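Q: Protein sequences appear in the order of chains A and B.
Under this note's numbering, think of the first position of the first sequence as 254, with each following residue one higher.
Under this note's numbering, think of the first position of the second sequence as 469, with each following residue one higher.
Incorrect hints may appear among the rest.
As the list claims (entries may be wrong) - Short, incomplete list of chain A residues facing chain B, as computed with Cβ under 8 Å:
hint : residue
1    : PHE288
2    : ALA352
3    : LEU363
4    : VAL479
5    : GLY522
6    : ILE535
7    : VAL537
To be verified - Label-pair distances were calculated between CB atoms; the ranges are:
hint : chain 1 : residue 1 : chain 2 : residue 2 : range
8    : B       : SER485    : A       : ARG444    : 51 to 61 Å
9    : B       : VAL513    : A       : TYR334    : 48 to 58 Å
10   : B       : PHE821    : A       : ARG444    : 49 to 59 Å
11   : B       : LEU698    : A       : ARG421    : 45 to 55 Å
Calculated directly from the structure, the hints in this document are not laboratory data.
A quick note: this is a predicted structure, and the numbers were derived from the prediction, not measured.
Here a beta-carbon is modelled for each residue, glycine too, at the ideal position from N, C-alpha and C.
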Amino acid sequence: MDTFVQIAISGVALGFLYALVSLSFVVLLKATGHFNLLPGSFVLLGAYITYELHRGVGLNFWLALALAILIVAGIGLAVHYLIFQRIDRRATVSAAGLAILLVTIGLLSLSQAVAVSTWGADVLLLGDPWGLTTYRFGGIAISQRDIWVIVLSLVVLAIFWLVIQHTRIGVGMRALASDHQAAYVQGISPRRVAPYAWLMSAGAAVIAGVFMATEAGGGLRPTLDVVAFTALPALILGGIRSLPGCVAGGLVLGIVQALALGYAPSGFGQGFSTVLPWIIMIVVLLVRPSGLFAAREFRRA
Amino acid sequence: MTTVTSARATLAGRDRSADIRRETRVFRTPWTRYGAILLVALAVVLPLSTADSFLLSLGITVGYFSIAAVGLNVVNGYAGQIMMGQPFFLAIGAFTAVAVGSVADLPLPVWLVAAAVMGALAGVLVAPFALRLKGVYQIVLSLGLIFIGQYIFVNWSDLTGGVSGRRAPLNMSIGPLDFAALQFGGMTYSYQQGLFMLVWVVVGLCMLLVHLLMRSPGGRNIVALRDSELAARVVGLNPARSMVGVFAISSAMGAVGGAFYVAQLRFVSVEQFNLGMGLTFIIIVTVGGLSTSWGPVVGSLVICSIPLLAGRYAEMIPFLKPSASVPDGTFGIPVGQFSVVVYGLLLVLILMFEPRGLTHLLKVFALWITTPLRRPSKRQREREQAREAAEWTP
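Please construct the entire structure, taking both the sequences and the accompanying hints into account.
A: Printed below as a string of structure tokens:
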């Protein structure tokens with residue numbers, strides 16, 4: 254029983270990480286109207302920039318984190334103004350979606366190459382900013398990092414919820430996502446909403462990236478963006494336009510993955526716990542294509 | 469089409485049937501007709517005349533990437549479905565080739581056809597899922613295909629060698645002709661030379677197949693479905709049949725590409741068929757030019773040559789560090805990453821400035837270069853004659 258609770262808690266922590274990354278994807282989708290893979294490079298670059306500011310320049314960890322979020326948001330905004338708006342102007346809606354996706358694939362490769370060029374391909378250590386103590390309650394051991402993951406993710410989620418539900422920018426974002434032209438007519442300008450959306454997306458992604466870079470036995474390595482893609486099933490599970498949905502989807506998949514890691518018989522082969530979210534996603538897509546928590550959708554995308 | 473042209477024929481009072489016959493021929497202009505023959509001849513003559521193994525192995529790599537890219541172009545360009553999971557079909561073709569051509573040691577046509585058939589089967593199985601979804605869902609599903617494929621093949625270690633891969637020398641004989649050691653005119657040719665010929669003949673066949681497909685009613689159906697599925701359905705097209713066929717062709721070509729991949733390396737490892745390969749294929753078809761015949765080949769040529777050339781000429785390129793990726797204080801792009809940087813940059817630049825791809829750029833360039841050499845077209849000549857006839861006042 255104790256093992257079960259311990260595994261479940263580490264699953265919850267993993268699930269919150271997935272939730273953060275898929276939040277990053279969803280906020281961008283709602284704000285720009287196109288699905289793009291940039292959160293993958295946000296995760297990677299954010300973690301590396303935090304490393305550079307914290308270990309290289311010597312800033313306080315939280316300051317380094319905040320600065321990294323701002324820098325990555327700036328990169329995202331630059332991409333938005335220079336590339337996305339240009340493609341949106343020139344192409345039709347469907348072609349623009351594919352073109353933006355492909356551009357972000359190119360940027361993903363570029364960011365990975367930049368990371369390896371500047372910092373090398375070795376695993377770097379961020380220096381345990383979360384502390385190393387492990388708390389024990391009865392027979393259950395929870396590391397301090399896991400507690401930080403849960404607490405910080407809840408804080409981020411609370412901030413997101415507040416912004417999206419109760420501020421003008423957030424309401425504007427939802428309006429733009431739900432009907433772009435009607436929102437435009439009402440006076441909601443995508444240009445004013447965009448910076449906040451990119452900031453939120455960058456914030457969630459960078460925090461998730463720093464957590465991924467500090468997991469036990471792991472470190473900061475250039476393949477972090479691929480790790481970010483394992484959050485995509487959570488995105489689908491939750492319905493791609495629903496914020497509470499992707500949190501729920503992330504938690505479900507995190508717990509399931511941790512349980513599979515702990516309890517799966519070896520007959521299922523290696524790598525089963527990493528492939529299980531994808532299998533679940535495919536099953537869900539067959540049964541309920543709009544995701545488990547999607548709002549009423551008139552199109553499937 | 470016949471009704472329109474017959475109506476127009478009555479209106480203009482001229483017999484247009486010769487024009488129709490000319491328009492619907494497979495090779496429309498003398499350029500393409502003789503060019504096709506020239507290319508086939510080149511594909512056979514080139515390996516016989518050089519034994520430079522660098523060039524030959526580059527050519528073979530470009531060849532099997534082209535085959536898989538031609539397949540992906542059908543699905544991605546003509547049919548408009550986003551399919552990032554092409555490595556999955558390459559893996560299927562590769563491991564079928566290993567099973568049939570290496571373990572069972574059956575001759576070349578057998579494992580080639582077996583790879584194509586298995587690939588087509590896989591495509592038919594995947595197609596219903598991929599077609600039910602649009603946009604984001606389709607992208608993520610095709611990504612998932614790669615990961616699930618890797619999981620399946622890594623755990624099937626008898627066939628695939630698990631994580632470390634396995635050596636797989638393939639049987640390259642067609643009856644009395646053995647491509648591994650080709651005997652022709654008294655000389656024996658190397659494995660690379662025989663394989664080069666084989667691969668490029670297959671590339672030509674695949675391009676011809678796609679060309680014919682796109683000219684046929686089936687091909688027009690696919691393009692109609694891409695441009696507006698609703699309108700196509702109103703007209704009476706059944707998306708299921710057309711699209712499943714398209715997926716089957718695309719995955720069969722991907723599988724054949726994978727089979728030749730094993731033939732070249734004589735070693736296969738599941739690790740190779742990863743997300744990176746999927747992204748590479750997407751970059752190849754996009755940079756080369758979606759929905760064009762030559763796009764996949766041009767794209768493969770550019771994308772495959774860059775890492776090899778960068779490795780060879782590393783000292784001459786600025787910002788390049790020939791050594792490994794150890795941070796030594798200087799800012800430089802390690803050779804291994806240079807190709808990734810170029811891919812990313814190329815993709816971004818092409819999409820921003822010329823979304824129709826490199827083939828379009830090359831076409832424009834070729835037209836510009838040959839402007840002074842071209843004869844005026846028939847219509848231009850007729851217009852000139854009409855103008856002269858109108859000016860002539862006796």
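Q: Let me know if the C-beta of ILE535/A comes in closer than 8 Å to any C-beta of chain B, holds or violated.
A: holds (6 Å)
Q: Measuring from beta carbon to beta carbon, are PHE821/B and ARG444/A in 49 to 59 Å?
A: violated (24 Å)
Q: Go ahead and decide if the range 45 to 55 Å is satisfied by the Cβ distance of LEU698/B to ARG421/A.
A: violated (37 Å)
Q: With 8 Å as the cut and Cβ atoms as the points, is VAL479/A at the interface with chain B?
A: holds (6 Å)
Q: Let's test the interface hint: is any C-beta of chain B closer than 8 Å to that of VAL537/A?
A: Violated. Min distance 10 Å.
Q: Given the hint of 48 to 58 Å, check if VAL513/B and TYR334/A actually sit that far apart at their C-beta atoms.
A: holds (52 Å)
Q: Given ALA352/A as an interface hint, is its Cβ closer than 8 Å to any Cβ of chain B?
A: holds (5 Å)
Q: With 8 Å as the cut and Cβ atoms as the points, is GLY522/A at the interface with chain B?
A: holds (3 Å)
Q: Within 51 to 61 Å or not, the Cβ separation of SER485/B and ARG444/A?
A: Check passed, 58 Å falls within 51 to 61 Å.
Q: Mind checking the CB of LEU363/A against every CB in chain B and telling me if the closest is under 8 Å?
A: Since chain B brings a Cβ to about 3 Å from LEU363/A, closer than 8 Å, the hint holds.
Q: Once the shortest beta carbon distance from PHE288/A to chain B is found, is it less than 8 Å?
A: Holds. Min distance 4 Å.
In this structure, the earlier hints numbered 7, 10, 11 are contradicted, and the remaining ones agree with it.
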